[in-house]
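Participant: Residue numbering for the sequence shown follows the numbering used here, beginning at 1006 and increasing consecutively.
No wet-lab data here; the hints were simulated from the structure. Mixed in with the good hints, there may be bad ones.
DMTMM-like, lysine to aspartate or glutamate: derived pairs with alpha carbons at most 25 angstroms apart [claimed, not checked]:
no.: 1; residue 1: LYS1010; residue 2: GLU1023
no.: 2; residue 1: LYS1089; residue 2: ASP1022
no.: 3; residue 1: LYS1094; residue 2: GLU1023
no.: 4; residue 1: LYS1010; residue 2: ASP1067
no.: 5; residue 1: LYS1010; residue 2: ASP1042
no.: 6; residue 1: LYS1114; residue 2: ASP1104
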Amino acid sequence: MMDAKQLHILQHSLGLDEYGRGNPYRNHFVTGEGSKDHADCVALVDLGFMTRRSGSALSGGDDVFTVTEAGRAAVVARSPAPPKVSPGKQRYLDWLAYDSGISFIEYLKMRSHLRRQGGF
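Can you make the complete structure from the sequences, with help from the hints?
Facilitator: Right, dumping it as structure tokens:
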């Protein structure tokens, strides 16, 4: 059975946040024997959630672990739901993601205008 630390290793290996959100942009975890994460990665291999390749010069001699399809499914199934966000905070987060260089108030005015036009 996978624990919270192992779930975090899978999420991190894929480049996801603690809720399993984001676009997976990588699939590897490099760690060596004796490190704090190595035993957990080996346990994930035993569970079928990761594969293991022996270290090379490229990895500094450490093992390279990759997430399997079963591991990806486990991340989806076992990641906690993100916390609820108030509508006001969601508008602020949307503005941060918009990243246009306009002020928050300008963004709110633009949203309001576009909503009236039926475009937002």
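Participant: Any hints this thing doesn't respect? Which numbers, in order?
Facilitator: Every hint satisfied by this model.
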